[in-house]
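**Q** In case it helps, our numbering puts the sequence shown at residues 1 to 131.
Among the hints, a few may not be true.
Unchecked claim - FRET-style restraints, in silico, Cβ to Cβ:
1) Asp-77 with Ala-101: 35 to 45 Å
2) Phe-69 with Val-17: 33 to 43 Å
3) Val-34 with Ala-2: 34 to 44 Å
4) Arg-70 with Pro-37: 30 to 40 Å
Unchecked claim - Heads up, simulated SDA-like pairs for lysine to any residue below, C-alpha to C-alpha not over 20 Å straight-line:
5) Lys-36 with Ala-9
6) Lys-36 with Val-21
7) Lys-36 with Ile-20
8) Lys-36 with Leu-46
9) Lys-36 with Leu-53
10) Lys-36 with Leu-25
11) Lys-36 with Asp-22
12) Lys-36 with Leu-8
13) Lys-36 with Val-49
14) Lys-36 with Leu-10
15) Lys-36 with Leu-11
16) Lys-36 with Ala-24
17) Lys-36 with Arg-59
18) Lys-36 with Val-17
19) Lys-36 with Trp-16
20) Lys-36 with Gln-26
21) Lys-36 with Arg-3
22) Lys-36 with Val-48
23) Lys-36 with Arg-70
24) Lys-36 with Tyr-18
What the hints contain is simulated information worked out from the structure, not anything from laboratory work.
Here a beta-carbon is modelled for each residue, glycine too, at the ideal position from N, C-alpha and C.
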Amino acid sequence: MARFYLVLALLLTAFWVYSIVDCALQPPTRHRGVSKPIWLLIVVLLPVVGAVLWFVIGRARASSQRVVFRAPDDDPDFLGRIGTSSDQDERIRRLEEELAALDSEAPDPRDTPADPPTDDDTDEQSRGSRS
Numbered sequence: 001m002a003r004f005y006l007v008l009a010l011l012l013t014a015f016w017v018y019s020i021v022d023c024a025l026q027p028p029t030r031h032r033g034v035s036k037p038i039w040l041l042i043v044v045l046l047p048v049v050g051a052v053l054w055f056v057i058g059r060a061r062a063s064s065q066r067v068v069f070r071a072p073d074d075d076p077d078f079l080g081r082i083g084t085s086s087d088q089d090e091r092i093r094r095l096e097e098e099l100a101a102l103d104s105e106a107p108d109p110r111d112t113p114a115d116p117p118t119d120d121d122t123d124e125q126s127r128g129s130r131s
């Protein structure tokens, strides 16, 4: 019977220490009811009862604060921000006009030779044609 009480005392002590560490490490936003220092006092001064109270009442569950992620096509805010097809068509038309204007200003790269002759090349060609 003494072994049973010893094992029970060890388990309750481990549970109590775990609850103190858990209460101390939780961010203040996860403490329900009263503030974090008050919960620490409750858990420390009432060893087993305080630990049970901490896990039943004081500790906010992580699932209650979990952020739900939605795909963009399921999010009405995202869908509202997307422009209509006429807005997109207008933007494409403006971009094509700007591109056409830039193309008309720039010289056609096909008209210029890829490797323009240097002065040395022109001198050699003129000498070779004279002889």
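**Q** Against each hint, give a clear statement of whether it holds in the structure.
**A** Now for the hints, and whether the structure bears them out:
1. Asp-77 with Ala-101: 35 to 45 Å: 36 Å, holds
2. Phe-69 with Val-17: 33 to 43 Å: 36 Å, holds
3. Val-34 with Ala-2: 34 to 44 Å: With a Cβ separation near 39 Å, Val-34 and Ala-2 satisfy 34 to 44 Å, so the hint holds.
4. Arg-70 with Pro-37: 30 to 40 Å: 38 Å, holds
5. Lys-36 with Ala-9: The hint is violated at about 27 Å.
6. Lys-36 with Val-21: 12 Å, holds
7. Lys-36 with Ile-20: 11 Å, holds
8. Lys-36 with Leu-46: 15 Å, holds
9. Lys-36 with Leu-53: At roughly 13 Å apart (the allowed maximum being 20 Å), Leu-53 and Lys-36 satisfy the hint.
10. Lys-36 with Leu-25: It holds: about 10 Å lies between the C-alpha atoms, which stays within 20 Å.
11. Lys-36 with Asp-22: Satisfied, since the Cα-Cα distance of roughly 11 Å is no more than 20 Å.
12. Lys-36 with Leu-8: It is violated: about 28 Å lies between the C-alpha atoms, which goes past 20 Å.
13. Lys-36 with Val-49: This hinted pair holds, its Cα atoms lying about 17 Å apart.
14. Lys-36 with Leu-10: Violated - the C-alpha atoms of Leu-10 and Lys-36 are around 26 Å apart, more than 20 Å.
15. Lys-36 with Leu-11: Violated. Lys-36 to Leu-11 sits at ~25 Å, over the 20 Å cutoff.
16. Lys-36 with Ala-24: Holds, at roughly 8 Å.
17. Lys-36 with Arg-59: 10 Å, holds
18. Lys-36 with Val-17: Holds, at roughly 16 Å.
19. Lys-36 with Trp-16: 16 Å, holds
20. Lys-36 with Gln-26: OK: Lys-36 and Gln-26 at ~9 Å, within 20 Å.
21. Lys-36 with Arg-3: Given pair Lys-36, Arg-3 is violated - Cα atoms ~36 Å apart, limit 20 Å.
22. Lys-36 with Val-48: 18 Å, holds
23. Lys-36 with Arg-70: 33 Å, violated
24. Lys-36 with Tyr-18: Roughly 16 Å between the alpha carbons, so the hint for Lys-36 and Tyr-18 holds.
The structure fails hints 5, 12, 14, 15, 21 and 23 (numbered hints given earlier, in ascending order).
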